[in-house]
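Numbering-wise (this note's numbering), the sequence shown opens with residue 35 and increments by one.
Some hints could be false.
Across the chosen pairs, the derived CB separations fall in these ranges [unchecked claim]:
| no. | residue 1 | residue 2 | range |
| --- | --- | --- | --- |
| 1 | 123 | 207 | 17 to 25 Å |
| 2 | 266 | 228 | 39 to 47 Å |
| 3 | 200 | 171 | 42 to 50 Å |
| 4 | 126 | 168 | 38 to 46 Å |
| 5 | 326 | 272 | 21 to 29 Å |
| 6 | 126 | 322 | 21 to 29 Å |
| 7 | 260 | 326 | 19 to 27 Å |
Hints are computed from structural coordinates only; laboratory data are not their basis.
Beta carbons: idealized from backbone N, C-alpha and C, even for Gly.
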Amino acid sequence: MLIVAALGGNALLRRGEPMTAENQRKNVKRAASALAALIDEGHSLVITHGNGPQVGLLALQSAASPGGAFPLDVLGAESAGMIGYMIEQELANLASHRLYATLLTQVKVDPYDPAFSSPTKPIGPVYDEATARHLAAERGWCIAPDGDKWRRVVPSPRPIEILEASVISFLVDHGVIVVCTGGGGVPVVARDDGAMVGVEAVIDKDLASSLLARQLKADMLLMLTDVDAVYVGYGTPDARALRNVGATELSGKDFPAGSMGPKIGAAIEFVQATGNPSAIGRLEDAAEIVKRRQGTWFEP
Numbered sequence: 035m036l037i038v039a040a041l042g043g044n045a046l047l048r049r050g051e052p053m054t055a056e057n058q059r060k061n062v063k064r065a066a067s068a069l070a071a072l073i074d075e076g077h078s079l080v081i082t083h084g085n086g087p088q089v090g091l092l093a094l095q096s097a098a099s100p101g102g103a104f105p106l107d108v109l110g111a112e113s114a115g116m117i118g119y120m121i122e123q124e125l126a127n128l129a130s131h132r133l134y135a136t137l138l139t140q141v142k143v144d145p146y147d148p149a150f151s152s153p154t155k156p157i158g159p160v161y162d163e164a165t166a167r168h169l170a171a172e173r174g175w176c177i178a179p180d181g182d183k184w185r186r187v188v189p190s191p192r193p194i195e196i197l198e199a200s201v202i203s204f205l206v207d208h209g210v211i212v213v214c215t216g217g218g219g220v221p222v223v224a225r226d227d228g229a230m231v232g233v234e235a236v237i238d239k240d241l242a243s244s245l246l247a248r249q250l251k252a253d254m255l256l257m258l259t260d261v262d263a264v265y266v267g268y269g270t271p272d273a274r275a276l277r278n279v280g281a282t283e284l285s286g287k288d289f290p291a292g293s294m295g296p297k298i299g300a301a302i303e304f305v306q307a308t309g310n311p312s313a314i315g316r317l318e319d320a321a322e323i324v325k326r327r328q329g330t331w332f333e334p
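Start from the sequences and build out the full structure, keeping to the hints where you can.
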């Protein structure tokens, strides 16, 4: 079975952890162990991943350099290379009989997407409200609440096309486990002359993963995070985990735009377009989710 497995940025760097190379490596090893179990069971994998914490850190480092800040598309490519390198290496250490490749992936977006005027995608570390407001005033950021903290938010336009999908498909057909579409891919737009140029944005990884899964005609879209299932009333005494839901069952339900909302939207889009299942659940439960023993399953 061909599975597009999407790793959340917070699954790779747990909430509240210092953003160090050591913590990143530790969490990538944990992710690789979960994914290796799927490889050992004979599944073909295309692995995507988030980059919210990482690209935010790179943006802070870039802003502090004497030459000024790099644009977000360049920083997104940098974070994709960094995380992809670690995932590829740790997977190969566990399952050396397979071939692996990390591919920087351009993702086309609409230059007139309304997201450019309404930033929602959280990146970087969390701050208390006073610190976040100070940084926003000092650096021209947009900020928004993230749980009981605050984070910088940036535009998150909708992905239209994975430009390297044919390359990824070629590699998959030749037995390669591909790490791609890191951080939702590098956002690009087409100029009037047809040339592609990067834009200042971060694409939602789950929506890009759903689009990639559709372009690859994958058998399953698997979104792995730090929560064991989709919950109705999450964070309240009445919270209830959902296990099996129809593709339209959650339409109209209110889920956070910066976290579970895009995952549910991505799952529904994939199921409706392909008739194949999608699932959301905890990284450590990956193999059990595929066996329908854990997580939330979406079906037609």
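Each hint, compared with the structure:
| no. | hint | verdict |
| --- | --- | --- |
| 1 | 123 - 207: 17 to 25 Å | holds (24 Å) |
| 2 | 266 - 228: 39 to 47 Å | holds (46 Å) |
| 3 | 200 - 171: 42 to 50 Å | holds (45 Å) |
| 4 | 126 - 168: 38 to 46 Å | holds (44 Å) |
| 5 | 326 - 272: 21 to 29 Å | holds (25 Å) |
| 6 | 126 - 322: 21 to 29 Å | holds (24 Å) |
| 7 | 260 - 326: 19 to 27 Å | holds (21 Å) |
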